[in-house]
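Protein chains: 2
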Amino acid sequence: MDIEILTIGDELLTGDIIDSNAAYMAERLLQIGLRVRYMSSTGDSVDQMEEAFRLGLNRAQIVITTGGLGPTDDDNTKKAIVKVFKRNLIFHEEVLVDLKKRYEIRNIEMPAINQNQALLPQGAKFFPNKHGSAVGLCISENGRTFISLPGVPQEMKQILDDEVIPFLQNISDNESITVLKLRTTGTGESKLVELITPKLKLESGVKLAYLPSYSGVDLRIISTAKTQEESKTRAYDLKRYLDSVIGKYVYGKDFDKLEEIIGQLLKDNDKTLATAESCTGGYLGSLVTSIPGSSKWFIGSIVSYANEVKINQLKVAEKIIEEHGAVSEECAIAMADGCRKLLDTDYALSITGIAGPDGGTDEKPVGTTYIGLSSKHGTTATRFNFGTNRNANRIRASYSALEMLRHDILDIK
Amino acid sequence: MDIEILTIGDELLTGDIIDSNAAYMAERLLQIGLRVRYMSSTGDSVDQMEEAFRLGLNRAQIVITTGGLGPTDDDNTKKAIVKVFKRNLIFHEEVLVDLKKRYEIRNIEMPAINQNQALLPQGAKFFPNKHGSAVGLCISENGRTFISLPGVPQEMKQILDDEVIPFLQNISDNESITVLKLRTTGTGESKLVELITPKLKLESGVKLAYLPSYSGVDLRIISTAKTQEESKTRAYDLKRYLDSVIGKYVYGKDFDKLEEIIGQLLKDNDKTLATAESCTGGYLGSLVTSIPGSSKWFIGSIVSYANEVKINQLKVAEKIIEEHGAVSEECAIAMADGCRKLLDTDYALSITGIAGPDGGTDEKPVGTTYIGLSSKHGTTATRFNFGTNRNANRIRASYSALEMLRHDILDIK
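Protein sequences appear in the order of chains A and B. Under our numbering, the letters of the first sequence match residues 1 to 413, in that order. Under our numbering, the letters of the second sequence match residues 1 to 413, in that order.
Honestly, the hints are just simulated from the structure, not real lab data. All of these numbers come straight from a predicted model, not from anything done at the bench. Backbone N, C-alpha and C define an ideal beta-carbon position, used for all residues, glycine too. You may find that some hints are simply not true.
To be verified - Heads up, incomplete: computed chain B residues facing chain A, CB under 7 Å, no partners named:
| id | residue |
| --- | --- |
| 1 | T14 |
| 2 | G15 |
| 3 | L30 |
| 4 | L34 |
| 5 | V164 |
| 6 | I165 |
| 7 | P166 |
| 8 | L211 |
| 9 | P212 |
| 10 | S215 |
| 11 | Y236 |
| 12 | Y283 |
| 13 | S286 |
| 14 | V309 |
Claimed, not checked - If you want the footprint, here are the derived chain A segments under chain B, 3+ residues with CB under 8 Å:
| id | region |
| --- | --- |
| 15 | 1-14 |
| 16 | 33-46 |
| 17 | 239-248 |
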């Protein structure tokens, strides 16, 4: 079954917006065994949409669009649907009532223009939208399924996850595919390959992919078989093997986030964390506090970009910096130690490195980074090299630091 | 002239990678007056590429692809070109010599597989790649121009900017289009509209677009006319008008970054900066230090997520927090003040707010944020409301803080 994702909006074709909707949808679809074959973007005009809809319906069995469902004049998706499918728009009382109710709760009068949102193509199924005024639409005709979702990411995601995915799971003739993802960080792809490959046996229909990004390497298993049971068994057999050889590097599965897992671990153990950052400049603190409720476990960060801050605030001895440099095991240990004492926490992480593009030496090339971890059991630091890309460096260092902490809390050797 | 951007890679269709190449290319092309009409993504197989290449050449005059130009077996772009254009691959000595030289400089032996990179379709023009082994390709045939670039963003950007853009500027029959972008931050779209609209007169062929994002609102002028001179005159007339009504909110043009401009201003004035962050958790420090060389002007940040850090490190009086709360004008002032003294800098910025999703009250709803600025002239704080999205909030607060500093340094009232 071929699937096309079609994102709609002039702002995509001008490059004003990076299309993150298409990737989100593709990943969610793959999780239920549906592979996307075509991805495209088109402009806001009815003509452009009509051309794109016809092409999509011609080459794919399922077409999913996002965008152009708002109530204003330049939202043309429904107009294009009317032309392509030759269906009139019909007023749906229940959609309007629901919309009005949501405005009432917020004590705001509904703008009259929103009445348009209750006009839907004849015979279309619709999916409720919890966060906005545009319901999702679904038209089935001549063996094709055409689904239109709003373009606002929050709205698209809710309707996709709550409505479209369960709906497609039912109608799809998908082969029995099982998709599993193991998430790792702090260890390079080549090291993982080295550990996994020697005893790896892939049964027929089972594929293993390495998906590296700045924040870590994900391992994706796709298992295809005649029956659901068979595909599941094979996928989980491989997962068990992976757990046995690289299990200690796996922090989560599917869409887990390391910063969320760390937060949960700290909360469960009633522990607190502080950070002392040099080259990351605050990125690690920002990452940890991206999780709502992080004030429960995160106390603060001392971003000691200048050496004076390391010396005056974190109490790193001047001698350490003179003798070993600010990017050294000794300095990372002193930073973590000083930070834990200063902010009175159970754990402190420190990061000091040469982010680049300049500042490297033969002994410590760009990318050399020391990460320290201090707890009541003592303080250690580990040396990493994250490469020459400044941005990648800072992200890798922050995730590696959290992974060190995860190992320590869970006592993983 | 219709243009298609075609990005290649299975990792796009599985949603493992968000396609940022297409948006980058579209924006650069628009700057020279070339509008993208089609954007699409296809998989790694020769079949999929062949189908996509033929469709592109059928509906667009210029097709630009990225990806699949590497030296390994699953890099199939050249194979698909051979099939579609019926041209053989020819060995180019000069490409290999250049590649070997670059390995020599780094004292590394060139992997033998890279010899493939010197095989190019007969009659193709090629564009050198400064950062990688795959040169860009260009085939002109039957009124169509087909350009293939590598998929690694750094390599694609260099070849596009240095080679493709000048090349297309020469061959294009583009109408005379002038595109200008003014970048603003710290002020909402509605406020800008209110200031701009009353006396706005748009000459024929001139369009003004508001492009809001978390980091600010860009204003884009597109002016189309019969001659280059006419389009330029009209675009700059509008720019002058915009400068007269909202000039103080404009921090830069085109692809300028506020964090870079702030860095330059601080460096030029030989001044230093520190930050005291609560709800942003380190994001502001991370933003400032994303610029290489920022150690020249940035000293550090005290991320005072817990009130104890505000009290113990930043010396915010306990009474202030008891009486006014940690999210208050008084606290923001005390944080900025304390930070500037503690880290001994010329400027200090502070941010304290309710990032959400919880923690709001009637008086201070989610999104309420106070930003403080301390300098030798004194300390002030301003109240903002950035809305209910936690992530957006933190980004908006950080950019607004930098914009306050810009106004102070340049003495903009």
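Hint-by-hint comparison with the structure:
1. T14: 5 Å, holds
2. G15: 3 Å, holds
3. L30: 5 Å, holds
4. L34: The hint is violated - L34/B has no Cβ within 7 Å of chain A, the shortest such distance being about 11 Å.
5. V164: 15 Å, violated
6. I165: Given a least distance of 13 Å, the restraint on I165/B is violated.
7. P166: 19 Å, violated
8. L211: Since the shortest Cβ distance to chain A is 5 Å, the answer is holds.
9. P212: Status violated, d = 10 Å.
10. S215: 13 Å, violated
11. Y236: 21 Å, violated
12. Y283: Hint on Y283/B: holds, closest Cβ of chain A at ~4 Å, below 7 Å.
13. S286: With a minimum Cβ separation of about 4 Å from chain A (threshold 7 Å), the hint on S286/B holds.
14. V309: 4 Å, holds
15. 1-14: Our answer is that it holds, as 4 residues pass the Cβ test (under 8 Å) against chain B, meeting three.
16. 33-46: Since three or more residues must qualify, the claim that chain B covers the region 33-46 of chain A holds, with 9 doing so at under 8 Å.
17. 239-248: It is violated, with 0 qualifying residues against the three required.
When each numbered hint is compared with the structure, violations occur for hints 4, 5, 6, 7, 9, 10, 11 and 17.
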